[in-house]
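Undergrad: Sequence:
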Amino acid sequence: MSHKGKNSASSAKGKKPAKSGAESKGEDVLQAVCLLPLANTPLIEYTLEFLAMNGVQEVYIYCGAHTDQVEDYIGRSRWTSSSKSCPFSVLQFVRVADARSVGDVLRDMDKRSLVDGDFLLVHGDLVSNLILDGALAAHRKRRETSAANIMTMILHSGGPADHRTKTNGITPVFVVDTKTQRCLHYDEMNPLQSDHYLSMDPAIADELSTEFEVRADLIDAQIDICTPEVLALWSESFDYELPRRNFLHGVLKDWELNGKMIYAEIFEDGYAARASNLQMYDSISRDVLGRWTFPFIPENNIMPKQAYKKHSNNVVIETGASHAADAKLQNSVIGTDSSIGSGSKIVNSIIGAGCKIGANVTLENSFIWNGTTVGDGTVISQSILAGNVVVGKGCTIPTGSLISFGVHISDSISFSTAAVLSTVTSIGKQVTKDTNLLGPDSNAAPFFDPEDDELDDEDPSRLQKSLIYSLADYNLSTSSISTFASDVDSDDDNDSNFLSTDVAHSNRSRLSSFASDDSAGKMSFHADAVHGLLDALRAESGDFDSAKLEFMGLRLANNASDAMMRKAVATAFTRRAVELVTPEHGGLDASKAADKAFTACKGASKFVNEVGVGGGESAQIEFILALQRALQHYSKGQEQSKTATLLPAMLQQLYALDILEEEGILGWWADPRAVEGESMAGLKEKCRVLVEWLENAEEEDDDDDDDDDDSD
Numbered sequence: 001m002s003h004k005g006k007n008s009a010s011s012a013k014g015k016k017p018a019k020s021g022a023e024s025k026g027e028d029v030l031q032a033v034c035l036l037p038l039a040n041t042p043l044i045e046y047t048l049e050f051l052a053m054n055g056v057q058e059v060y061i062y063c064g065a066h067t068d069q070v071e072d073y074i075g076r077s078r079w080t081s082s083s084k085s086c087p088f089s090v091l092q093f094v095r096v097a098d099a100r101s102v103g104d105v106l107r108d109m110d111k112r113s114l115v116d117g118d119f120l121l122v123h124g125d126l127v128s129n130l131i132l133d134g135a136l137a138a139h140r141k142r143r144e145t146s147a148a149n150i151m152t153m154i155l156h157s158g159g160p161a162d163h164r165t166k167t168n169g170i171t172p173v174f175v176v177d178t179k180t181q182r183c184l185h186y187d188e189m190n191p192l193q194s195d196h197y198l199s200m201d202p203a204i205a206d207e208l209s210t211e212f213e214v215r216a217d218l219i220d221a222q223i224d225i226c227t228p229e230v231l232a233l234w235s236e237s238f239d240y241e242l243p244r245r246n247f248l249h250g251v252l253k254d255w256e257l258n259g260k261m262i263y264a265e266i267f268e269d270g271y272a273a274r275a276s277n278l279q280m281y282d283s284i285s286r287d288v289l290g291r292w293t294f295p296f297i298p299e300n301n302i303m304p305k306q307a308y309k310k311h312s313n314n315v316v317i318e319t320g321a322s323h324a325a326d327a328k329l330q331n332s333v334i335g336t337d338s339s340i341g342s343g344s345k346i347v348n349s350i351i352g353a354g355c356k357i358g359a360n361v362t363l364e365n366s367f368i369w370n371g372t373t374v375g376d377g378t379v380i381s382q383s384i385l386a387g388n389v390v391v392g393k394g395c396t397i398p399t400g401s402l403i404s405f406g407v408h409i410s411d412s413i414s415f416s417t418a419a420v421l422s423t424v425t426s427i428g429k430q431v432t433k434d435t436n437l438l439g440p441d442s443n444a445a446p447f448f449d450p451e452d453d454e455l456d457d458e459d460p461s462r463l464q465k466s467l468i469y470s471l472a473d474y475n476l477s478t479s480s481i482s483t484f485a486s487d488v489d490s491d492d493d494n495d496s497n498f499l500s501t502d503v504a505h506s507n508r509s510r511l512s513s514f515a516s517d518d519s520a521g522k523m524s525f526h527a528d529a530v531h532g533l534l535d536a537l538r539a540e541s542g543d544f545d546s547a548k549l550e551f552m553g554l555r556l557a558n559n560a561s562d563a564m565m566r567k568a569v570a571t572a573f574t575r576r577a578v579e580l581v582t583p584e585h586g587g588l589d590a591s592k593a594a595d596k597a598f599t600a601c602k603g604a605s606k607f608v609n610e611v612g613v614g615g616g617e618s619a620q621i622e623f624i625l626a627l628q629r630a631l632q633h634y635s636k637g638q639e640q641s642k643t644a645t646l647l648p649a650m651l652q653q654l655y656a657l658d659i660l661e662e663e664g665i666l667g668w669w670a671d672p673r674a675v676e677g678e679s680m681a682g683l684k685e686k687c688r689v690l691v692e693w694l695e696n697a698e699e700e701d702d703d704d705d706d707d708d709d710d711s712d
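Under UniProt numbering, the letters of the sequence shown match residues 1 to 712, in that order.
Hints may contain errors.
Unchecked claim - The list that follows gives simulated cross-link-like pairs (lysine-lysine, DSS-like), each with its CA atoms no further than 30 Å apart:
#1 K310 with K328
#2 K686 with K433
#3 K345 with K328
#4 K179 with K253
#5 K596 with K433
#6 K260 with K141
#7 K592 with K606
#8 K309 with K356
#9 K596 with K686
#10 K433 with K356
#11 K465 with K345
#12 K592 with K686
#13 K305 with K260
#14 K393 with K429
#15 K356 with K345
#16 K310 with K260
#17 K596 with K429
#18 K141 with K111
#19 K345 with K305
#20 K345 with K310
#21 K260 with K309
#22 K328 with K356
#23 K684 with K465
#24 K179 with K328
#25 K592 with K465
#26 K328 with K393
#27 K356 with K305
#28 K305 with K84
#29 K592 with K602
#30 K309 with K328
#31 K309 with K84
Rather than coming from a laboratory, the hints here were simulated on the basis of the structure.
Can you make the complete structure from the sequences, with help from the hints?
TA: Written as structure tokens, this is what we have:
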């Protein structure tokens, strides 16, 4: 970005959000992430305020989804180009029909030649009060020194201690030259990966002869000052998708070849964070309540027509809201036309506009969006209730719950564990309401996202799916989560968040690369493999040869193990069988669904036999376990009745196809892993009739053999 508007440009990306529900009218209200309310103000408002504060004049907005919705919002706001109060000379939406990633967007920017000078690249979920004058001046000076200095990242020091706006699950690791602030290496670590070592090219020390710091304490809101050369590099690297994991890592890894240099401006003061997942949304909201985001705080009314005022106990109330005199309010925000009943307790929470909170309600650490009603005596803890939700009287909504748009919950409903509820399925169809779970007045059911099945066991995004960050379900030792390996001694071996050293000697055979790294390879292989196989199974035409070639190509490219292949095959065929039993895809019974999943596409059963199983009894046991684990996702809630008998049906079909043998099925039945967890045990129990039939058949065969021996 050329500061103060000379050929300046910015891209604020509206991403596709987690799927939400629909209003009670049945209208689709899937909403762009950048429009979600943060402290009752849409996220994109914070992003545009940040750009205006830093003198940006031209803004180009790319949306990954819901472009019409975002464009309509901007068209009705003060940011529209026709508004006299708009600080931008240009605000333009750019539509890319086939954009699936940030990489596609940036390649499109390069193709269109939208910018011919430096530009600022941000996401539409950014909240920041940083003033970039100094960073811009330093960037310009470096660029004038050498055209090879192509980018400056804006990072914020989070310190060695815990900080709620440090991203959970994935720890970004920056290696930075202590004198020039040049970024020398970038990597990522997460608690689920098999090793926790940082491997760096020895040329960093041997050829640059520099001192550097390995920083794992930096908060990265992905604010980048870029030259047009950055876009050209994206275009050259057609397979890059992510700014850090792909682009930054790749450019730094190949610095000897491309000669490009990237720098880091590290701020000690100020605020910058992205609401990129539910946990960050929660953290930034708490920072707004704590006034860390000043001047972007509710009582400063950054949007026209807002009228918030600060009261005692750090409570900010908008004109038109009301509360009973004996209601206890603390550290909260309450939107206009909302009311709070007698005896209610509201702590560390944000309530939107037009909400009705009954009497004796307890609301702690929660988010209530516009138009929601909460009945008398209900208790809600650290949860999100989207717009127009209705929660009855005397309910209990436990920590980590997500209640989507328009969901109705009847009186006296309590959940023992976190609930995720919606009025629509993952493909946007109206759900079959679960009145057993949610009461007679409900219009919703538990929400299950089939894409969760495609996440590898070591995919750190699993840790970011919920509002609550927890490692409780993973067998991890905390001592192994944040550890760096170096062949030199550190002054403090226990300091895992900050390591400063003069030299690092690494074996070149262990150079890290996201293209070949085990954990990243597993992530990309599993998702791509499952999608490819599913597409072939859904087509039900031709044969499976092309899918097999693509699958084996993915295996070679990612160095996938037999276990990874087995899991991907089991997941894909399970997903297809589950689709076939749902009403949206024909509502077949379990037996017909299993038969169609394995035989409708020519060569599919052969593929399962050769690639998915590919061995004797032990391999068959592992494949059945993989099927069972894939079905776990559908073994609870409303999906249970539809999929309860799928596992025995699939085993029986595979047995009939001579892919599984008696020994394999009986070996699985005796394997203790088949009952690890309540849902696994429940699925196993559904196979009892099949197993008993096999055991009886085996006994009859033994008896027949004995009779033959006697007759001899």
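Undergrad: Hints first: check each against the structure and report whether it holds.
TA: How the hints compare with the structure:
Note on K310 and K328: the hinted pairing holds, with a Cα-Cα distance of about 15 Å set against a maximum of 30 Å. Restraint check for K686 and K433: the C-alpha separation of about 25 Å stays at or below 30 Å, so the hint holds. With a C-alpha separation of about 5 Å, the suggested pairing of K345 with K328 holds against the 30 Å cut-off. The hinted pair formed by K179 and K253 meets the criterion: a straight-line CA distance of about 20 Å does not exceed 30 Å.
Only pairs whose Cα atoms come within 30 Å are accepted, and K596 paired with K433 is accepted, the gap being roughly 28 Å. The hinted pair formed by K260 and K141 meets the criterion: a straight-line CA distance of about 16 Å does not exceed 30 Å. A threshold of 30 Å between alpha carbons decides the hint, and for K592 with K606 the separation of about 19 Å falls inside it, so the pair holds. Restraint check for K309 and K356: the C-alpha separation of about 20 Å stays at or below 30 Å, so the hint holds.
Among the hinted pairs, K596 with K686 is consistent with the structure: their alpha-carbon atoms are about 20 Å apart, no more than 30 Å. Among the hinted pairs, K433 with K356 is consistent with the structure: their alpha-carbon atoms are about 24 Å apart, no more than 30 Å. The hinted pair formed by K465 and K345 meets the criterion: a straight-line CA distance of about 29 Å does not exceed 30 Å. With a C-alpha separation of about 17 Å, the suggested pair K592 and K686 falls inside the 30 Å cut-off, and the hint holds.
The suggested pairing of K305 with K260 is violated, with an alpha-carbon distance near 47 Å, which exceeds 30 Å. Distance hint between K393 and K429 is fulfilled; the C-alpha atoms sit about 28 Å from each other, no more than 30 Å. The hinted pair formed by K356 and K345 meets the criterion: a straight-line CA distance of about 14 Å does not exceed 30 Å. The hinted pair formed by K310 and K260 fails the criterion: a straight-line CA distance of about 49 Å is larger than 30 Å.
Taken as a hint, the K596 and K429 pair is honoured in the structure, with Cα atoms around 23 Å apart against an allowance of 30 Å. A hinted pair counts as satisfied when its Cα atoms are at most 30 Å apart, and K141 with K111 qualifies at roughly 27 Å. Restraint check for K345 and K305: satisfied, since their Cα atoms lie roughly 28 Å apart, inside the 30 Å limit. Restraint check: the Cα-Cα separation between K345 and K310 comes to about 18 Å, which is no more than 30 Å; the hinted pair holds.
Distance check on the hinted pair: K260 and K309 sit about 50 Å apart at the alpha-carbon level, beyond 30 Å; violated. A distance of roughly 16 Å separates the Cα atoms of K328 and K356; the hinted pair therefore holds under the 30 Å criterion. With a C-alpha separation of about 27 Å, the suggested pairing of K684 with K465 holds against the 30 Å cut-off. The suggested pairing of K179 with K328 is violated, with an alpha-carbon distance near 53 Å, which exceeds 30 Å.
Restraint check for K592 and K465: the C-alpha separation of about 33 Å exceeds 30 Å, so the hint is violated. Taking the CA atoms of K328 and K393, the gap is near 19 Å; set against the 30 Å cutoff, the hint holds. For the suggested pair K356 and K305, the alpha carbons sit about 21 Å apart, so the restraint of at most 30 Å is met. The suggested pairing of K305 with K84 holds, with an alpha-carbon distance near 16 Å, which does not exceed 30 Å.
Straight-line distance between C-alpha atoms of K592 and K602 comes to about 16 Å, which keeps the hinted pair within the 30 Å bound. Pair hint K309 plus K328 holds up; C-alpha atoms about 17 Å apart against a cutoff of 30 Å. At most 30 Å may separate the alpha-carbon atoms for a hinted pair to count; K309 and K84 meet this at roughly 27 Å.
The earlier numbered hints that this structure contradicts are 13, 16, 21, 24, 25.
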